[in-house]
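> So the protein sequences, as listed, match chains A and B. Everything in the first sequence is counted per the working numbering, starting at 1 for the first residue and increasing by one. Everything in the second sequence is counted per the working numbering, starting at 1 for the first residue and increasing by one.
Worth flagging that the hints you see were computed from the coordinates, not collected in a lab. Accuracy of the hints is not assured; some may be wrong.
[To be verified] Within a straight-line C-alpha distance of at most 25 Å, the following computed SDA-like cross-link-like pairs (lysine to any residue) qualify:
| no. | chain 1 | residue 1 | chain 2 | residue 2 |
| --- | --- | --- | --- | --- |
| 1 | B | 3 | A | 111 |
| 2 | B | 108 | B | 80 |
| 3 | B | 3 | A | 20 |
| 4 | B | 108 | B | 29 |
| 5 | B | 108 | A | 44 |
| 6 | B | 69 | A | 59 |
[Stated by the list, open to error] Beyond 10 Å from chain B on every Cβ pair, some chain A residues (computed):
| no. | residue |
| --- | --- |
| 7 | 19 |
| 8 | 22 |
| 9 | 27 |
| 10 | 33 |
| 11 | 44 |
| 12 | 52 |
| 13 | 63 |
| 14 | 84 |
| 15 | 100 |
| 16 | 112 |
| 17 | 113 |
[Unchecked claim] Part of the chain A face toward chain B, derived, beta carbon under 10 Å:
| no. | residue |
| --- | --- |
| 18 | 15 |
| 19 | 17 |
| 20 | 28 |
| 21 | 35 |
| 22 | 41 |
| 23 | 42 |
| 24 | 43 |
| 25 | 45 |
| 26 | 48 |
| 27 | 64 |
| 28 | 69 |
| 29 | 70 |
| 30 | 106 |
Source: prediction; values computed, not measured. The beta-carbon is built from N, C-alpha and C at its ideal position, and this holds for glycine as well.
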Amino acid sequence: ETGVTQSPTHLIKTRGQQVTLRCSSQSGHNTVSWYQQALGQGPQFIFQYYREEENGRGNFPPRFSGLQFPNYSSELNVNALELDDSALYLCASSTPTPPETQYFGPGTRLLVL
Amino acid sequence: DAKTTQPTSMDCAEGRAANLPCNHSTISGNEYVYWYRQIHSQGPQYIIHGLKNNETNEMASLIITEDRKSSTLILPHATLRDTAVYYCIVRDAGGGNKLTFGTGTQLKVEL
Numbered sequence: 001e002t003g004v005t006q007s008p009t010h011l012i013k014t015r016g017q018q019v020t021l022r023c024s025s026q027s028g029h030n031t032v033s034w035y036q037q038a039l040g041q042g043p044q045f046i047f048q049y050y051r052e053e054e055n056g057r058g059n060f061p062p063r064f065s066g067l068q069f070p071n072y073s074s075e076l077n078v079n080a081l082e083l084d085d086s087a088l089y090l091c092a093s094s095t096p097t098p099p100e101t102q103y104f105g106p107g108t109r110l111l112v113l
Numbered sequence: 001d002a003k004t005t006q007p008t009s010m011d012c013a014e015g016r017a018a019n020l021p022c023n024h025s026t027i028s029g030n031e032y033v034y035w036y037r038q039i040h041s042q043g044p045q046y047i048i049h050g051l052k053n054n055e056t057n058e059m060a061s062l063i064i065t066e067d068r069k070s071s072t073l074i075l076p077h078a079t080l081r082d083t084a085v086y087y088c089i090v091r092d093a094g095g096g097n098k099l100t101f102g103t104g105t106q107l108k109v110e111l
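So here's chain A without its partners, still in its complex pose (with noise of 0.2 Å):
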């Protein structure tokens, strides 16, 4: 089995370009969490999605935004990137039953100069 894969592993952008991360879930599981990791911090919740829909979100602005599609893997993209992106961004992935545990990838390290 699988486990979650995200892709590219890291990744270095200038002030104010676009960036797409990509991840896939784990087999069997139809819903896709992402999370803001800065340094020194615990994860921060983006949002999630099931069924290729948003399914809740955290604190982050419109400029967030992501897609699930039918096979369930998710892209999450940020537009106007900022210094304060530079992060380590991680993808889970959920069991289809309750209480629905995650499962974190490896995650993508995002540095913005």
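Mind docking chain B on chain A? Use the hints.
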């Protein structure tokens, strides 16, 4: 989700049991206690979860007090590889719920 309180850091000798406490005094009846750990710069790793009863798996044991206001994660024979930040999280069993991470406990396992 109920708030959790954990010690900032703990040390443990290799081979000894590591007992990591967590307070969640405002937990409600349908909220689970989850434990994750994060080794430096990696994604959080699921360890164990429980509702009312004590739980054990190949990684750890979870002891939840009868009033459910606190819990302890036990790593029975800590190794150097168990050095990580351990997060105790309380969340609702309902679908579509986020995980709210606090600052966790930095466990350092030493020789």
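> Confirm or reject each hint.
Right, here's what the structure says about each hint:
no., hint, result
1, B:3 / A:111, "violated (31 Å)"
2, B:108 / B:80, "holds (8 Å)"
3, B:3 / A:20, "violated (33 Å)"
4, B:108 / B:29, "violated (33 Å)"
5, B:108 / A:44, "holds (24 Å)"
6, B:69 / A:59, "violated (28 Å)"
7, 19, "holds (18 Å)"
8, 22, "holds (14 Å)"
9, 27, "holds (16 Å)"
10, 33, "violated (7 Å)"
11, 44, "violated (7 Å)"
12, 52, "holds (14 Å)"
13, 63, "holds (20 Å)"
14, 84, "holds (18 Å)"
15, 100, "violated (6 Å)"
16, 112, "holds (18 Å)"
17, 113, "holds (19 Å)"
18, 15, "violated (24 Å)"
19, 17, "violated (23 Å)"
20, 28, "violated (15 Å)"
21, 35, "holds (8 Å)"
22, 41, "holds (8 Å)"
23, 42, "holds (3 Å)"
24, 43, "holds (5 Å)"
25, 45, "holds (4 Å)"
26, 48, "holds (6 Å)"
27, 64, "violated (14 Å)"
28, 69, "violated (18 Å)"
29, 70, "violated (19 Å)"
30, 106, "holds (5 Å)"
In this structure, the earlier hints numbered 1, 3, 4, 6, 10, 11, 15, 18, 19, 20, 27, 28, 29 are contradicted, and the remaining ones agree with it.
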